[in-house]
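The lines below spell out each chain.
Protein chains: 2
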Amino acid sequence: MRKVFAAIITIGDELLIGQVVDTNSAWMARNLNEHGIWLKQRVAVGDNRSDIVSALDQVSVNADIILITGGLGPTADDITKPVLCEYFGGKLVTNEEALANVKHIFEHMLKRPLIERNLRQAEVPDVCTVIPNKRGTAPGMWFEKNGKIFISVPGVPHEMKGMITDYVLPKLKEYFTMPFILHRTLLTAGIGESFLAEAIEGIETKLPDHIKLAYLPNYGMVRLRLTAWGDNKDEMEYELDEKFRLLKEKVKEWIVIDEDITIQQTVSRLLKQRKQTLGTAESCTGGYIAHLLTRDAGASTFFKGAIVSYSNDVKKEVLHVSEETLSATGAVSEETVRQMANEALHLLRTDYIVAVSGIMGPDGGTPSKPVGTVWIAVGNGERTETKKTHFRFDRERNIELTAVHALNFLRIFILSTGQKS
Amino acid sequence: MRKVFAAIITIGDELLIGQVVDTNSAWMARNLNEHGIWLKQRVAVGDNRSDIVSALDQVSVNADIILITGGLGPTADDITKPVLCEYFGGKLVTNEEALANVKHIFEHMLKRPLIERNLRQAEVPDVCTVIPNKRGTAPGMWFEKNGKIFISVPGVPHEMKGMITDYVLPKLKEYFTMPFILHRTLLTAGIGESFLAEAIEGIETKLPDHIKLAYLPNYGMVRLRLTAWGDNKDEMEYELDEKFRLLKEKVKEWIVIDEDITIQQTVSRLLKQRKQTLGTAESCTGGYIAHLLTRDAGASTFFKGAIVSYSNDVKKEVLHVSEETLSATGAVSEETVRQMANEALHLLRTDYIVAVSGIMGPDGGTPSKPVGTVWIAVGNGERTETKKTHFRFDRERNIELTAVHALNFLRIFILSTGQKS
Numbered sequence: 049m050r051k052v053f054a055a056i057i058t059i060g061d062e063l064l065i066g067q068v069v070d071t072n073s074a075w076m077a078r079n080l081n082e083h084g085i086w087l088k089q090r091v092a093v094g095d096n097r098s099d100i101v102s103a104l105d106q107v108s109v110n111a112d113i114i115l116i117t118g119g120l121g122p123t124a125d126d127i128t129k130p131v132l133c134e135y136f137g138g139k140l141v142t143n144e145e146a147l148a149n150v151k152h153i154f155e156h157m158l159k160r161p162l163i164e165r166n167l168r169q170a171e172v173p174d175v176c177t178v179i180p181n182k183r184g185t186a187p188g189m190w191f192e193k194n195g196k197i198f199i200s201v202p203g204v205p206h207e208m209k210g211m212i213t214d215y216v217l218p219k220l221k222e223y224f225t226m227p228f229i230l231h232r233t234l235l236t237a238g239i240g241e242s243f244l245a246e247a248i249e250g251i252e253t254k255l256p257d258h259i260k261l262a263y264l265p266n267y268g269m270v271r272l273r274l275t276a277w278g279d280n281k282d283e284m285e286y287e288l289d290e291k292f293r294l295l296k297e298k299v300k301e302w303i304v305i306d307e308d309i310t311i312q313q314t315v316s317r318l319l320k321q322r323k324q325t326l327g328t329a330e331s332c333t334g335g336y337i338a339h340l341l342t343r344d345a346g347a348s349t350f351f352k353g354a355i356v357s358y359s360n361d362v363k364k365e366v367l368h369v370s371e372e373t374l375s376a377t378g379a380v381s382e383e384t385v386r387q388m389a390n391e392a393l394h395l396l397r398t399d400y401i402v403a404v405s406g407i408m409g410p411d412g413g414t415p416s417k418p419v420g421t422v423w424i425a426v427g428n429g430e431r432t433e434t435k436k437t438h439f440r441f442d443r444e445r446n447i448e449l450t451a452v453h454a455l456n457f458l459r460i461f462i463l464s465t466g467q468k469s
Numbered sequence: 049m050r051k052v053f054a055a056i057i058t059i060g061d062e063l064l065i066g067q068v069v070d071t072n073s074a075w076m077a078r079n080l081n082e083h084g085i086w087l088k089q090r091v092a093v094g095d096n097r098s099d100i101v102s103a104l105d106q107v108s109v110n111a112d113i114i115l116i117t118g119g120l121g122p123t124a125d126d127i128t129k130p131v132l133c134e135y136f137g138g139k140l141v142t143n144e145e146a147l148a149n150v151k152h153i154f155e156h157m158l159k160r161p162l163i164e165r166n167l168r169q170a171e172v173p174d175v176c177t178v179i180p181n182k183r184g185t186a187p188g189m190w191f192e193k194n195g196k197i198f199i200s201v202p203g204v205p206h207e208m209k210g211m212i213t214d215y216v217l218p219k220l221k222e223y224f225t226m227p228f229i230l231h232r233t234l235l236t237a238g239i240g241e242s243f244l245a246e247a248i249e250g251i252e253t254k255l256p257d258h259i260k261l262a263y264l265p266n267y268g269m270v271r272l273r274l275t276a277w278g279d280n281k282d283e284m285e286y287e288l289d290e291k292f293r294l295l296k297e298k299v300k301e302w303i304v305i306d307e308d309i310t311i312q313q314t315v316s317r318l319l320k321q322r323k324q325t326l327g328t329a330e331s332c333t334g335g336y337i338a339h340l341l342t343r344d345a346g347a348s349t350f351f352k353g354a355i356v357s358y359s360n361d362v363k364k365e366v367l368h369v370s371e372e373t374l375s376a377t378g379a380v381s382e383e384t385v386r387q388m389a390n391e392a393l394h395l396l397r398t399d400y401i402v403a404v405s406g407i408m409g410p411d412g413g414t415p416s417k418p419v420g421t422v423w424i425a426v427g428n429g430e431r432t433e434t435k436k437t438h439f440r441f442d443r444e445r446n447i448e449l450t451a452v453h454a455l456n457f458l459r460i461f462i463l464s465t466g467q468k469s
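Quick note, the sequences are listed as chains P and B, same order.
First residue of the first sequence? That's 49 in the working numbering, and the numbers climb one at a time after it.
First residue of the second sequence? That's 49 in the working numbering, and the numbers climb one at a time after it.
Treat the hints loosely; a few may be bogus.
Note: identical chains are not told apart, hence a pair may lie in one copy or across any two.
Unchecked claim - Lysine to any residue pairs mimicking SDA-like chemistry, simulated, CA-CA at most 25 Å apart:
#, residue 1, residue 2
1, Lys300, Thr253
2, Lys51, Lys196
3, Lys159, Lys435
4, Lys221, Val52
5, Lys364, Arg273
6, Lys196, Thr213
7, Lys209, Val68
8, Lys209, His438
9, Lys196, Gly138
10, Lys196, Asp99
11, Lys281, Trp302
12, Lys209, Asp411
13, Lys209, Thr437
14, Lys193, Ser102
15, Lys254, Asp61
Keep in mind the hints are simulated off the structure, nothing from the lab.
With the rest of the complex left out, here is chain P:
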């Protein structure tokens, strides 16, 4: 079995001064992996000729496939195309198909006049095959050299994704016999990485060479992933299922879900299965829990809405938290989240509600309620359960941790209630 190795080169100064977060690479990595292509290295360089050339030289030593994104825009800082043209010894010529596409996009989609600068986007090196771009004006390019394949696509995420999915992956399948790469993933809560490692040491040390275990801690939860590769898919599936079964047995008390999905997707699925509905009442998370639940398609089957009561006025006037409670116990208190939950359940008319109120920082903490103090309530009209937690990190992380913990508290509450008949 020979592995097929890939490398990614992302081009753009914005990646090197930290102005943008590179989300493209993760998407490409996941899609390559699902197709049995092993990503060996990712490199980011600036819009600089010699840095691009040395990255091409470097990564092609160990990779069969080199995916290049970025630097294909119409402006002067975008130099990927001329650099690749020179690297592969070609000259720029206008591609008729790409030209028709540029014209079509300007006439029918952008409804703007076309200028010389845009027409030049249809020029490509004469030593490449053009990769069509249905979503934008810059064509992609496919080069072959010394048995390696070099693919250049724009850095605009939806353009890149469309071209990789529609053209690049299908064509790569014709060139290479890929091995299978299979994963089994489970999500745990309530146990740290090192304690998990103790619990499963017996399994981990006995894994064969072609199966690897990874620990992926994220916001107070740890994901465990088994990865196997090989040629015989059925045999691998069987072996991996067996190892996964042993793993689940060892960590069963901490398992949230035995798939590679998030806590919000776990809650969503549970509610869809039960045909039940949910709403949120959010103070400190400012709508973030509602956003997590509605980010994926299909949320309308279970999610009805949210009351974001960021200010005390809204807590009082919309959620009817009593003036007495707010002055006696404060906005971050068991009694406040309880009242928020109960009134929101009434207003939104859902089967379940989750309510949160806390101090996310950096300001607003007091000696008795330091930054990171959070009260969570979950309820279904029959009973309401509350929980106090305390995080100790920065604001962004506190918002994320609060959402994740509230959703897990809700998940346990839902599981503790009977199904609707």
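Using the hints, position chain B against chain P.
This is chain B only, laid out in the frame that chain P set:
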């Protein structure tokens, strides 16, 4: 003037199979840049000895400073420490300070028993200087070899950030005389990248070698950034201000803000300056606009709350959108967002309201209202303005575009109203 160059190596299989998005690199890049250090290259490799070693060899050719993150956890897949120890020719010894830190964290913060695996985290190569980690158990390491500095810190974001800020950047300043790197950034809306380029071509072609212009398109807005580097800060500030003034003059009709902040930060600032308040009524964005506005500290001074009316029931019962409107014009219509805005303004008692309703996809589109159709309303009680837009991308992008466009529509509306006296 000699530039100081850095490279980043991120280590972890999770980065190569696309399970996580690397946000650390952008943070490190930004902070290096602000300190006058020019990031030359970023490389991501897996938890694999030979890949780590070849990345170290590769990047140290062109960099003075090599920042390494990841692979320092307590589990068997984390191999960065032994690999670095071997690479720099040392042996692992227990560091007393790091050991005291591990013990402190387990006793006082985690309140869990300490196991052998955790104690080993206090071991470091005897050829490095220890970088203290106040936020976690894995110490950082500082190596020097052939005049280059190699720094290894954990991949956990808040641990990495703390160590870079508290220790690494101050210490690097003692080693190198950094040039100044200065930026001027402005945000535009309503004009594409290539048309901006036409508009400012006269300025761009006349920029001196030490000033660079970059175009950063993002969600229908384009950011323009001028970057200068050199030793004489005052002279650079003066020169850059002059170029920036010319640039702003050329693109003035499209400028959102002449700083490197987001549209939500622009709106937040405007409201704080005016001492006015805001609320949102969100259907298709599911609380995302409220989240954007409350993500930064200080939101409580202007943001009061949101009604997320994801279902039609909540539109009717909480926001009093009439049954007639919903059946006659549907949930995605001018009349619906107008009623949502008006009732939310009344419930939340804010100076301004922004309301959105749309079809984010992939399902739910119809021939007359395809996926991407969005209605936006903004109001202040005296008048309500509405706008229909149409996006054509995927769900995640539609949610983001809707939020950004709604906030820009709100910004223009706020500017069109007089200040409160």
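With 25 Å as the alpha-carbon cut-off, assign the pair Lys221 and Val52 to within, between, both or neither. within (11 Å within a copy, 43 Å between copies)
25 Å Cα threshold - placement of Gly138 relative to Lys196: Only inside one copy: Lys196 and Gly138 sit 17 Å apart there, 38 Å across copies, limit 25 Å.
Can you tell me if Lys196 and Asp99 fall within 25 Å by alpha carbon in one copy, between copies, both or neither? both (20 Å within a copy, 19 Å between copies)
Which holds for Lys209 with Val68 at a C-alpha limit of 25 Å: within a copy, between copies, both or neither? both (18 Å within a copy, 17 Å between copies)
Tell me, please, which holds for Lys300 and Thr253 at an alpha-carbon limit of 25 Å: within, between, both or neither? Within one copy, since 19 Å is at most 25 Å while 64 Å is not.
Using 25 Å as the alpha-carbon threshold, which applies to Lys193 and Ser102: within, between, both, or neither? Both ways: Lys193 and Ser102 sit 16 Å apart in one copy and 23 Å across, limit 25 Å.
Given identical chains, is Lys364 near Arg273, meaning Cα to Cα at most 25 Å, within a copy, between copies, both, or neither? neither (46 Å within a copy, 45 Å between copies)
Homomeric proximity label, Lys281 with Trp302: Cα distance no greater than 25 Å: Answer is neither; intra-copy 30 Å and inter-copy 56 Å both fail.
At most 25 Å between alpha carbons: which applies to Lys254 and Asp61, within, between, both or neither? between (45 Å within a copy, 20 Å between copies)
Alpha-carbon proximity between Lys159 and Lys435, which holds within one copy, between copies, both or neither at 25 Å: Between copies only: 19 Å across, 55 Å inside.
When no copy is named, should Lys209 and Thr437 be tagged within, between, both, or neither for a Cα gap of at most 25 Å? between (40 Å within a copy, 24 Å between copies)
Can you tell me if Lys51 and Lys196 fall within 25 Å by alpha carbon in one copy, between copies, both or neither? within (14 Å within a copy, 35 Å between copies)
In summary, the numbered hints that this structure violates are 5, 11.
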